[in-house]
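Following the hints, position chain B against chain A.
Number of protein chains: 2
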Amino acid sequence: MNKGNLFIISGPSGSGKDTVLQKVFSLCPNIKFSISVITRDMRPGETPDGKYRFISREKFEEMIANGELLEHNVFVGNYYGTPKKYVEEQLESGFDCIVEVDVNGAAQIKEKMPDAVSIFICPPSFEVLKSRLSNRGTDSAEAVNKRLEASIGEIKRAKEFDYVVVNDNLEDAVDGFISVIKSQHLKTKNNTSAIDSIVNK
Amino acid sequence: MNKGNLFIISGPSGSGKDTVLQKVFSLCPNIKFSISVITRDMRPGETPDGKYRFISREKFEEMIANGELLEHNVFVGNYYGTPKKYVEEQLESGFDCIVEVDVNGAAQIKEKMPDAVSIFICPPSFEVLKSRLSNRGTDSAEAVNKRLEASIGEIKRAKEFDYVVVNDNLEDAVDGFISVIKSQHLKTKNNTSAIDSIVNK
Numbered sequence: 002m003n004k005g006n007l008f009i010i011s012g013p014s015g016s017g018k019d020t021v022l023q024k025v026f027s028l029c030p031n032i033k034f035s036i037s038v039i040t041r042d043m044r045p046g047e048t049p050d051g052k053y054r055f056i057s058r059e060k061f062e063e064m065i066a067n068g069e070l071l072e073h074n075v076f077v078g079n080y081y082g083t084p085k086k087y088v089e090e091q092l093e094s095g096f097d098c099i100v101e102v103d104v105n106g107a108a109q110i111k112e113k114m115p116d117a118v119s120i121f122i123c124p125p126s127f128e129v130l131k132s133r134l135s136n137r138g139t140d141s142a143e144a145v146n147k148r149l150e151a152s153i154g155e156i157k158r159a160k161e162f163d164y165v166v167v168n169d170n171l172e173d174a175v176d177g178f179i180s181v182i183k184s185q186h187l188k189t190k191n192n193t194s195a196i197d198s199i200v201n202k
Numbered sequence: 002m003n004k005g006n007l008f009i010i011s012g013p014s015g016s017g018k019d020t021v022l023q024k025v026f027s028l029c030p031n032i033k034f035s036i037s038v039i040t041r042d043m044r045p046g047e048t049p050d051g052k053y054r055f056i057s058r059e060k061f062e063e064m065i066a067n068g069e070l071l072e073h074n075v076f077v078g079n080y081y082g083t084p085k086k087y088v089e090e091q092l093e094s095g096f097d098c099i100v101e102v103d104v105n106g107a108a109q110i111k112e113k114m115p116d117a118v119s120i121f122i123c124p125p126s127f128e129v130l131k132s133r134l135s136n137r138g139t140d141s142a143e144a145v146n147k148r149l150e151a152s153i154g155e156i157k158r159a160k161e162f163d164y165v166v167v168n169d170n171l172e173d174a175v176d177g178f179i180s181v182i183k184s185q186h187l188k189t190k191n192n193t194s195a196i197d198s199i200v201n202k
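Order-wise, the sequence lines are chains A and B.
Under my numbering, the first residue of the first sequence is numbered 2, with each subsequent residue one higher.
Under my numbering, the first residue of the second sequence is numbered 2, with each subsequent residue one higher.
These are calculated hints, taken from the structure and not from any lab test.
Any given hint might turn out to be false.
Under the rule of at most 27 Å between Cα atoms (straight-line distance), these lysine-lysine pairs were calculated in the DSS-like manner [what the hints assert, rightly or not]:
hint: 1; chain 1: A; residue 1: K52; chain 2: A; residue 2: K111
hint: 2; chain 1: A; residue 1: K202; chain 2: B; residue 2: K4
hint: 3; chain 1: B; residue 1: K157; chain 2: A; residue 2: K157
hint: 4; chain 1: B; residue 1: K190; chain 2: A; residue 2: K160
hint: 5; chain 1: A; residue 1: K183; chain 2: A; residue 2: K4
hint: 6; chain 1: A; residue 1: K111; chain 2: B; residue 2: K188
hint: 7; chain 1: A; residue 1: K24; chain 2: A; residue 2: K157
Just chain A, with the same shape it has in the complex:
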């Protein structure tokens, strides 16, 4: 059995990344979504066995010190990170695994796991990005501009990624995303069993 592939996904607010990922997971039920460890409190509706695992700050710092995290980050005073063990277990079991992180997290993972394939989900244009960020309706112009600046800051680093999926039309974006996943399985290094079985006959 071949090992699975690791896909690192980033995309700014307004890229529609969550919708793309949701659709990809519904079409590819065998792909695993990595878990995150986090030091903030559990919120209503969250469960201890969901995407986030709630741990203490001490435990988190111990994981950093022991090299148990593929990447970590501080956001509004809390630590967020991706445990290496869960990802490695999925890959060893032959499952593809998707890690969703920001551009800094993506760079950290790529350094530790250079075989990982990174995909940046990008809005199609400045106008669409601005419209998506404004249409949430609940925020002030100042809040919208702040998010717009943050998104553009991420897009400035999009060229660090292996692939860019432009999310103009959802169906095309999902189709393109899945073609990247499929093509990884056809990379020669991941697909030698037929060759070996014939050559070693």
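Just chain B, lined up with the frame of chain A:
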């Protein structure tokens, strides 16, 4: 407009390569198939403007000397080659282009155009390969064995290719092949226009 991508396709007798390619071309009408120059005589049913361009041995040797061929080969006393100009014109016009060659031709092209993406079409097993080569029905056991040896010789070099598409089930092979083509368009170096339009706003 982005330049097109060049795909180098090889696959031994018994891989079902021609059937896969036929289906890919019918599903992707915008992909161009490269032309070949050849020094043998035109056969009944062939036309001067088809896949093969029939030229004199002198003209062929002149093309070699002028570096006008991406690859060339001798087969049963005749020269076969792939003119560079036609391929480059398609790529510059934004079309993907497929060149179908043997493993030696593939290596020659990859050396001259390292950005080309090479795909090897492989039978799923020794048994299927042997059965496909035997089922032509018209050949002696000796002729079948000779083709089998030649096919295995090519499969021994499959690991030089970027991708391997195993042709067990035609539909899956075509789907995989097309995912490789699609994913190339999402490689960051081929897909920067949305990023640039937002960042340079």
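Hint check:
no., hint, verdict
1, A:K52 to A:K111, "holds, 21 Å"
2, A:K202 to B:K4, "violated, 42 Å"
3, B:K157 to A:K157, "violated, 44 Å"
4, B:K190 to A:K160, "holds, 8 Å"
5, A:K183 to A:K4, "holds, 14 Å"
6, A:K111 to B:K188, "holds, 16 Å"
7, A:K24 to A:K157, "holds, 26 Å"
Going down the numbered hints, you'll see the structure goes against 2, 3, while the others check out.
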